[in-house]
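Colleague: What follows is the residue order along each chain.
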Amino acid sequence: MIAEAENGLKPEREEAAEQTGLPNGYTHLVPIVRYRSIQKSFGELQVIKGIDLDIYPGEKIALIGPSGSGKTTLGRMLMTLEEPSSGTITIEDEPLWQMEKKGNLVRASEKHLHRMRSKVGMVFQHFNLFPHMTVLRNVTLAPRSVLRLAKEEAEERAVEMLRKVGLENKLHEYPAKLSGGQKQRVAIARALVMQPKVMVFDEVTSALDPELVGEVLNVIKDIAEDGNMAMLLITHEMEFAREVADRIVFGAEGRIVEQGTPVELFENPQSDRLKSFLQRFR
Amino acid sequence: MWKWDYVIELLPALLQAFGVTLGATLAGFALSIIIGLLFAVGARSPIVPVRLTVRAVVDFIRSTPLLVQLFFLYFSLPMLTPFAMSAFATGVIGLGLHYGTYMSEVFRSGIEAVPRGQWEAATALHLSKRKTWFSVILPQALPPVIPMMGNYLIVIFKETPTLSAITVVELLLTAKSEASITYRVFEPYSIVGLLFLITSLLFSLGIRYFEKRYFGGHIADGGGKR
Ligand SMILES: Nc1ncnc2c1ncn2[C@@H]1O[C@H](COP(=O)(O)OP(=O)(O)O)[C@@H](O)[C@H]1O
Ligand SMILES: [Mg+2]
Chain F
-1 MIAEAENGLK PEREEAAEQT GLPNGYTHLV PIVRYRSIQK SFGELQVIKG IDLDIYPGEK
59 IALIGPSGSG KTTLGRMLMT LEEPSSGTIT IEDEPLWQME KKGNLVRASE KHLHRMRSKV
119 GMVFQHFNLF PHMTVLRNVT LAPRSVLRLA KEEAEERAVE MLRKVGLENK LHEYPAKLSG
179 GQKQRVAIAR ALVMQPKVMV FDEVTSALDP ELVGEVLNVI KDIAEDGNMA MLLITHEMEF
239 AREVADRIVF GAEGRIVEQG TPVELFENPQ SDRLKSFLQR FR
Chain A
5 MWKWDYVIEL LPALLQAFGV TLGATLAGFA LSIIIGLLFA VGARSPIVPV RLTVRAVVDF
65 IRSTPLLVQL FFLYFSLPML TPFAMSAFAT GVIGLGLHYG TYMSEVFRSG IEAVPRGQWE
125 AATALHLSKR KTWFSVILPQ ALPPVIPMMG NYLIVIFKET PTLSAITVVE LLLTAKSEAS
185 ITYRVFEPYS IVGLLFLITS LLFSLGIRYF EKRYFGGHIA DGGGKR
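Going line by line, the protein sequences match chains F and A. So for the first sequence, my numbering puts the first residue at -1; every next one is plus one. So for the second sequence, my numbering puts the first residue at 5; every next one is plus one.
Hints were generated in silico from the structure; no laboratory data involved. Here a beta-carbon is modelled for each residue, glycine too, at the ideal position from N, C-alpha and C. Honestly, I wouldn't trust all of these hints.
Claimed, not checked - For each label pair, taking beta carbons as the anchor points, the in silico distance ranges come out as: (1) Pro86(A) x Glu90(F): 50 to 58 Å; (2) Glu42(F) x Pro147(A): 47 to 55 Å; (3) Glu42(F) x Phe79(A): 52 to 60 Å; (4) Ser204(F) x Ala34(A): 29 to 37 Å; (5) Lys175(F) x Ser194(A): 52 to 60 Å; (6) Arg113(F) x Val52(A): 22 to 30 Å; (7) Arg113(F) x Phe138(A): 46 to 54 Å; (8) Arg134(A) x Ser39(F): 52 to 60 Å; (9) Lys47(F) x Leu81(A): 26 to 34 Å; (10) Lys47(F) x Ile51(A): 31 to 39 Å.
To be verified - The calculated lysine-lysine pairs, modelled on DSS-like cross-linking and capped at a C-alpha distance of 25 Å, are: (11) Lys133(A) x Lys99(F); (12) Lys149(F) x Lys216(A); (13) Lys175(F) x Lys133(A); (14) Lys133(A) x Lys109(F); (15) Lys216(A) x Lys195(F).
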């Protein structure tokens, strides 16, 4: 367990909070991501019903809530996999889904999206590794083709990432030969090697056999500790959320119901919804 | 009945024509793959006019007979435009276009079988559209449809006699003209039949070998729902 101060902040956040007089030790920074009045419908079904959320540079947010509440959709909108029906998302103060054209905000072009999404990474519930490529090639593909790194440099970086997730001995295996936990760790390395500023982890352990969950969560904890990358962790692992997150956001039915530090939310939930949600994890 | 010396006399002409047939088959097949890929990818273009045009062209080509297309390319096109091609080149283009539309359907089924998560992972890694197609989607979409592609190789092969209508001197036409000289039909047509049979068999064996050799094994599970 990481030591926590009385108000539930980690020591370095505590210091920042004291210096700035702002609540969670992040708010003196400019948010890297802002969701503003976001709504999303699939046909008739409204899934996100107005969400405002700021993510600060380096901040680790755990997004919890019952399934079907729109958590995945929220993450996918940031990864440009789903377009909001209304509202704006900005990354470093630049609109993600709109762009300026002759003084007007118009719908983003593929080119704009392509540029913007380089700041975001995502790890999926079902890994989505490229099955026809070795582990090493999975991880070097994007650095080589997007960052235009030379083969040697891309491989060097890839091996470093794979070492970080404990798979430097599987470089030349195909994904089919790996366990679920190993696959997910490759997927994490693959996303990490692109050095996004914010990374979405969408229930990355929920497709795994229970005995494989720990190895993946440990890898994420390591990354959380040594990185200044912001993380949006969608998860049902409450212990993990409590340990890793600076802030917990609890959502239900397309709205944010309650948010705060892990201690605030887990020790002293305010809403009935959150109370009954947490009951299920006791 | 069966005269061996007549067979020997026939063989040089028939084998030469067989070379033409084989050449038209392989070139037509290669072209149908390229055109089929362009159609299959074009039919999924995010640009709506491109998508609609490709689909209309595919439907149009597929619902008219190859023979009509060959006549159009060989006789009408040179009158409408400055382009005139040899009968052989016209035949290859006709086969390539016609079977390209069928091939695009084969590719479409292969592409649709690639899980959506593969596209999404490519997006999450900021890969370009081009890179996504060539490195992620097609390498997974094509191997499973190799047998279907192979079927079309054989179909194209068997369709080559149609090219005789635009004066391509292929196998059947050669046999026919030999027969018309000697009034002996048994040997030339039997040899033609045999050559088609043997070659078709060799093609299907070759395809099976190719598939096993290069795509047996590891292509399986990268995770992700279909
Ligand atoms: N592409 C889609 N088309 C239609 N409905 C969708 C789509 N994606 C998600 N949904 C619906 O949106 C709701 C919220 O989904 P999701 O964001 O996955 O929730 P969570 O991740 O919190 O479980 C669910 O009811 C789901 O069925
Ligand atoms: Mg989800």
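Colleague: Output the numbers, in ascending order, of every earlier hint that fails for this structure.
Modeller: Violated hints: 2, 4, 7, 8, 9, 12, 13, 15; rest satisfied.
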